[in-house]
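Novice: For reference, the chains in residue letters:
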Amino acid sequence: MRIPSFVPLVESERRSRERVGFVLEILVWGYLALVGARIIWWDIILPFIEGYAIDDVPRAWAVSIVEKLAYDSRYSEFSWSACGIVFAVGAVIGAAIGATGRGFGPWVASISKLQVNNPEDSIRIREHWSFARKEGALLLALTILTGWVLTKVQPGKMVEVIGLQSFARLVMQLACGLPVIGQPLFAVLEFTFNGIVALHNAVSGVFGAAGEPLPKFSLECVPTDASYYGNAVSKLLESVYLAFMATFFAVPVAFVLAFFGARNLTRHSAITRFSYAAVRLYINVTRSIEPIIWAILFSVWIGIGPFAGALALMVHSVSSLVKQYSEAIEGVDDGPIEALEATGASHVAVAWFAVVPQVILPYLAFTIYRWDINVRMATIIGLVGGGGIGGLLIQEQGLAHWTQVGTLAALIFIVVWTMDFLSAKVREAIQ
Amino acid sequence: MFQPRALASWKISSEESASQSSDALSPILSIRGVEKTYPNGTRALKGVSFDVPRGSFVAVIGLSGSGKSTMLRCINRIHEPTAGSIRFDGKEITTLSPKELRQARQQIGMVFQHFNLIKRRDVLTNVLSGKLGQMAEMPFGGIFKRWPKEWIDEAHEALKLVGIPDKALVRADGLSGGQQQRVAIARTLMQKPKLLLADEPVASLDPSTSNSVMQYLKILNENHGVTVVCNLHFLSLVREYATHVVALRGGEKVFEGKPTDITPQWFRDIYGEQAKEVEIH
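If you're matching them up, the sequences are chains A and B in order. Residue numbers 1 to 431, in my numbering, belong to the letters of the first sequence in order. Residue numbers 1001 to 1281, in my numbering, belong to the letters of the second sequence in order.
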């Protein structure tokens, strides 16, 4: 598990890095073994063999394998104890490779900011890690394969006729709901889709494919009633203001918390180091709970409505803003901080005079972006009783009023696009 | 707190500069066996000792990485020394509580290679920030308090002293390098320091600007009685301005004496056999 001396490392950390690299190597091979057994063997190879065994003309070799393993894709399960055994086997392999100090784990563990001074060393380092690079490539390839299997990627589904027909029908109804351009767009889509259908029928006729020719689309576009817009717009404004309130009241809270959540300002005493950990814990917990869950919590607490939605967005905004703000603080130039500390200024004064002027621009940009996000999220919040246009949206969707859903989506789009335009202008102005 | 005496005629007399615990002849700064090891294991200082006499202009020389900047930052504990003793004006710096340290820092000015101004604020605010030490014990470090009128007058006077009275309301990043360094000197003037630490104050300036900035440090030293400890790269500047020289190499002191004592042999000892002296005028 020794990492050779020509790999640049802070000497006092060499031992601990070697240990970390060794453990990583064990984990990597445990993972590789698990993926190899569970995904490649269990999900790809075995079903493939089984396919031959239950074919109209069963192959003897496939039947014997399936019988020997008592495998049936409908009932068999990959047990947890099998997982453990496979992982253990992988871990043993990992330990053996880790002991040579050449694997992916030691490579990752030894990456440091230190420079190599001797050009010969950099060649030796390249050679030393050649196996590690291949291992890294294998790791990436197997991970992509696993992702492919787990997300059930089926490109064939994307060109099935029934799915495409339903998709086209829905798109046409949504398009019909768009204000002003709805009807012409519907006509264009209808013409295009029917053209595709005609083309499809012609081509399959030439090749003599079996089955009926596809029917043309025969939908009617009934545009949204003008009186519908009044209600929709007022609900939309509710969402915009809800988002504004959530952002506005999140900013001062986040502003204060960010100083306690920035590494470079919290190093000097045990209390501030604790505050750093506490703030980080708080923002990570609140951020990992989706605003939609917060909205449910608050609507149970204070009742369904926009206020619950605003509180949910505020909680989420505070933690997101603290994260962005404190990272901006961590990126400031140390010089002015040093200079003001040298005058004997207090920590608060240093933060106010040396840090705030440096972060005010990024803060403004983050805040406007957060408002933009909140407007979009406010519609989602409405889905669970947080008020605003989201409630209307979920209602229409539930009734399969796709034209109305199209109208609402168009209204939301107009607001989001306006927000984006304004925030770009503001960011330009405050450079 | 505020001393209404005009800044231009302000001078630390030898009686005033010596606190009760020490007499006027004792060194203002006495450094003994200071060591500094950074968390990554770099040993920047390996037991450095020297004295800084009252009213002197001490130049600290040495190659980049020899520990000059670390030495300076250990004096006001911007970097905590790992071991050793630093006595400033008869007081042990290394054991001060945070509050006492802030009070000690008020008497120690500092200027930096990269000026370290608050770039987006105007020059006046930058100069006034030299007074922040006096607000340190107020609630919230005094950030909600207005600057007293006297301080603002004093800041204008400080800017006049460094020759840029007309720049008070200009944003700091709109000034040239030399002007920024003069703002930094004005900022430290507001502290009326007994000791000024200058960390390569002219290393990012052109030669003629360098000389004018050094002139201002000299005025502080000679006319106002401020003791100066200054990291320098150019021996010609050392010879022209310094009264004492300390040389560091690899975190150890290799020379201490008068600028005139630096012989070619010493020069090679400090900077290595290959070095050749570059002149700056």
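Treat the hints as calculated values from the structure; they're not laboratory data. All residues carry an ideal CB built from backbone N, CA and C; glycine is no exception. Among the clues, some could well be false.
Label pairs and their calculated CB-CB ranges [what the hints assert, rightly or not]:
#	chain 1	residue 1	chain 2	residue 2	range
1	A	133	B	1137	56 to 62 Å
2	A	80	B	1139	44 to 50 Å
3	B	1038	A	133	41 to 47 Å
4	A	136	B	1101	56 to 62 Å
5	B	1137	A	303	31 to 37 Å
6	A	144	B	1275	45 to 51 Å
Here are the simulated lysine-lysine pairs, BS3-like style, with alpha carbons at most 27 Å apart [unchecked claim]:
#	chain 1	residue 1	chain 2	residue 2
7	B	1258	B	1218
8	B	1258	B	1046
9	B	1119	A	425
10	B	1119	B	1011
11	B	1119	B	1091
12	A	323	B	1011
13	A	157	A	216
14	B	1145	A	113
15	B	1145	B	1119
Novice: Given a hint of 44 to 50 Å, does the C-beta separation of residue 80 of chain A and residue 1139 of chain B actually sit inside it?
Specialist: violated (59 Å)
Novice: Holds or violated: 31 to 37 Å for the Cβ distance of residue 1137 of chain B and residue 303 of chain A?
Specialist: Violated: the Cβ-Cβ distance is about 48 Å, outside 31 to 37 Å.
Novice: Under the criterion that the straight-line Cα-Cα distance not exceed 27 Å, is the pair residue 323 of chain A, residue 1011 of chain B satisfied?
Specialist: Given pair residue 323 of chain A, residue 1011 of chain B is violated - Cα atoms ~49 Å apart, limit 27 Å.
Novice: Within a Cα-Cα threshold of 27 Å, do residue 157 of chain A and residue 216 of chain A meet the stated pairing?
Specialist: holds (22 Å)
Novice: Can the suggested window of 45 to 51 Å be confirmed for the beta-carbon pair residue 144 of chain A and residue 1275 of chain B?
Specialist: violated (56 Å)
Novice: Should the hint that residue 133 of chain A and residue 1137 of chain B are 56 to 62 Å apart at their CB atoms be regarded as holding?
Specialist: holds (58 Å)
Novice: Are the Cα positions of residue 1258 of chain B and residue 1218 of chain B separated by 27 Å at most?
Specialist: holds (17 Å)
Novice: Confirm or reject the claim that residue 1038 of chain B and residue 133 of chain A have a C-beta distance inside 41 to 47 Å.
Specialist: Given range 41 to 47 Å: violated, Cβ gap about 32 Å.
Novice: Would you mind confirming whether the straight-line C-alpha gap from residue 1145 of chain B to residue 113 of chain A stays at or under 27 Å?
Specialist: violated (44 Å)
Novice: Hey, residue 1119 of chain B versus residue 1091 of chain B, does the alpha-carbon distance stay inside 27 Å?
Specialist: violated (34 Å)
Novice: Given the hinted pair residue 1119 of chain B and residue 425 of chain A, is their Cα-Cα distance within 27 Å?
Specialist: This hinted pair holds, its Cα atoms lying about 24 Å apart.
Novice: Within 56 to 62 Å or not, the Cβ separation of residue 136 of chain A and residue 1101 of chain B?
Specialist: violated (49 Å)
When each numbered hint is compared with the structure, violations occur for hints 2, 3, 4, 5, 6, 10, 11, 12, 14.
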